[in-house]
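2 protein chains.
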Amino acid sequence: MCGQVRGQRGCPVMSEPAATVSSEVDVTEFSMPIGEAIFTQRSIRRMRPDPIPVEHLRLVVAAAVKAPSGGNSQIGRILVVTDRDKIAAFGELYHRSWWAKRKADRGWNGPADVPPGDTSHAPAMRLADEMKDVPCVAFILSEPPHMPESVLLSAQNLMLAARALGIGSVPTRLHPDDYGEFRSLFGVPDRIGFHFAIPLGYPRGRFGPTSRKPTAETTHWNEWGGPVPWA
Amino acid sequence: MCGQVRGQRGCPVMSEPAATVSSEVDVTEFSMPIGEAIFTQRSIRRMRPDPIPVEHLRLVVAAAVKAPSGGNSQIGRILVVTDRDKIAAFGELYHRSWWAKRKADRGWNGPADVPPGDTSHAPAMRLADEMKDVPCVAFILSEPPHMPESVLLSAQNLMLAARALGIGSVPTRLHPDDYGEFRSLFGVPDRIGFHFAIPLGYPRGRFGPTSRKPTAETTHWNEWGGPVPWA
Numbered sequence: 001m002c003g004q005v006r007g008q009r010g011c012p013v014m015s016e017p018a019a020t021v022s023s024e025v026d027v028t029e030f031s032m033p034i035g036e037a038i039f040t041q042r043s044i045r046r047m048r049p050d051p052i053p054v055e056h057l058r059l060v061v062a063a064a065v066k067a068p069s070g071g072n073s074q075i076g077r078i079l080v081v082t083d084r085d086k087i088a089a090f091g092e093l094y095h096r097s098w099w100a101k102r103k104a105d106r107g108w109n110g111p112a113d114v115p116p117g118d119t120s121h122a123p124a125m126r127l128a129d130e131m132k133d134v135p136c137v138a139f140i141l142s143e144p145p146h147m148p149e150s151v152l153l154s155a156q157n158l159m160l161a162a163r164a165l166g167i168g169s170v171p172t173r174l175h176p177d178d179y180g181e182f183r184s185l186f187g188v189p190d191r192i193g194f195h196f197a198i199p200l201g202y203p204r205g206r207f208g209p210t211s212r213k214p215t216a217e218t219t220h221w222n223e224w225g226g227p228v229p230w231a
Numbered sequence: 232m233c234g235q236v237r238g239q240r241g242c243p244v245m246s247e248p249a250a251t252v253s254s255e256v257d258v259t260e261f262s263m264p265i266g267e268a269i270f271t272q273r274s275i276r277r278m279r280p281d282p283i284p285v286e287h288l289r290l291v292v293a294a295a296v297k298a299p300s301g302g303n304s305q306i307g308r309i310l311v312v313t314d315r316d317k318i319a320a321f322g323e324l325y326h327r328s329w330w331a332k333r334k335a336d337r338g339w340n341g342p343a344d345v346p347p348g349d350t351s352h353a354p355a356m357r358l359a360d361e362m363k364d365v366p367c368v369a370f371i372l373s374e375p376p377h378m379p380e381s382v383l384l385s386a387q388n389l390m391l392a393a394r395a396l397g398i399g400s401v402p403t404r405l406h407p408d409d410y411g412e413f414r415s416l417f418g419v420p421d422r423i424g425f426h427f428a429i430p431l432g433y434p435r436g437r438f439g440p441t442s443r444k445p446t447a448e449t450t451h452w453n454e455w456g457g458p459v460p461w462a
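Chains as they are written, first to last, in the working numbering: chain W, 1 to 231; chain G, 232 to 462.
Honestly, I wouldn't trust all of these hints.
[Unchecked claim] Over the 10 Å line for every Cβ pair with chain W, so calculated as not near, a few chain G residues:
id, residue
1, Gly341
2, Pro346
3, Pro407
4, Pro445
[Claimed, not checked] Per label pair, the in silico range of CB-to-CB distance:
id, chain 1, residue 1, chain 2, residue 2, range
5, W, Pro214, G, Asp316, 27 to 37 Å
6, W, Pro51, G, Pro376, 33 to 43 Å
7, W, His146, G, Pro347, 27 to 37 Å
These are computed hints drawn from the structure, not numbers from a lab.
Yeah, the Cβ is synthetic: ideal placement off N, Cα and C, and Gly gets one too.
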């Protein structure tokens with residue numbers, strides 16, 4: 001019987017009008033099929049400077065806070081930054097932090113030290129240069145006790161919602177040594193934890209398919225090493 | 232100009248047929264608008280025993296692995312369990328682990344110790360009883376170095392994809408003291424990290440809106456304490 005319970009086996013998954021599902025925002029703009037959003041969420045590191053309408057940032061934030069958290073503790077906090085001076089200051093910190101990590105991991109001091117054949121670092125290196133120019137950065141933060149399991153699911157909601165609105169994103173991190181400077185920059189109290197800095201902006205270039213290992217390589221069935229039924 | 236780049240400001244976000252966006256699976260079944268999936272992803276703890284078609288589990292796994300990871304490291308691993316005996320054994324472990332945590336945190340030995348007025352634990356307590364009967368459990372695991380930032384985004388993709396197929400889910404954890412027994416149960420090597428146990432099943436009851444704090448309470452604008460423009 002295809003009655004009250006939606007998505008029963010053998011029953012079509014029926015949609016209520018999306019606008020009815022949130023009291024705070026009108027989510028009818030989120031009409032992109034979820035399959036398209038998930039399967040074309042390429043990390044976008046090249047962004048146009050065009051500002052993102054506040055109403056879309058609100059939608060993206062509203063989507064983020066809908067993610068589950070342990071015991072509905074809702075310890076996640078979001079800091080949205082669109083102020084040009086503050087983004088410029090953060091971009092300087094991010095650039096310095098990115099290169100400090102390359103120095104520590106590989107002894108690189110700057111672009112001249114990147115081996116000529118290395119293409120894997122180019123997009124991230126360019127983002128380190130361009131972070132200062134992105135139209136928005138959303139920081140994923142938390143109140144104690146900071147369990148990532150209660151915070152990070154919301155970051156994926158935020159990025160998928162952005163994708164559905166044509167807004168590119170990429171989850172980036174800061175070296176923990178730089179958390180103090182980050183806190184100073186934005187007046188963030190010491191008790192607040194840092195998880196992600198997610199630049200948001202309209203892409204230069206395209207969304208599109210991503211490159212991932214076949215599921216048969218990363219998925220196990222009934223026991224470790226058990227082949228998936230579709231292998 | 233509304234040309235190649237989708238989702239430009241002022242341009243409609245146009246959809247290519249979803250089937251073109253993944254080489255491994257046909258994602259046309261993921262037609263639910265992303266807004267509906269995100270805004271009705273209520274944690275489902277009461278599940279019917281009906282099995283989930285393998286083809287749907289494959290879609291859910293394919294969606295999970297599309298999430299971004301640091302440097303596309305793809306350290307996430309998924310163990311899907313549908314075997315009834317194995318789920319029964321895991322359910323026994325989960326029940327024991329759940330109560331051990333309540334014993335440690337609150338001194339509770341069993342349902343008789345839960346104060347009569349306490350309604351917040353009832354759903355989780357019932358899930359601890361019923362885990363043995365769910366049709367499927369997806370374990371979110373990882374290869375070293377286990378950074379949650381490179382693993383947990385895929386868990387949210389998995390749960391949203393399940394939601395879009397009418398399949399309920401809830402992210403649960405095990406006490407770290409029980410990881411060893413979990414590994415023995417499924418032959419999981421010591422190097423593999425544990426993040427979530429996500430039961431999957433068709434809901435008894437309904438999906439629907441969730442209760443979250445207003446975004447104005449958990450979102451800061453340009454600096455800590457800065458009010459959101461919609462406050």
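Check your understanding: Which hints, by number, does the structure contradict?
Key -> Structure breaks hint 4 only.
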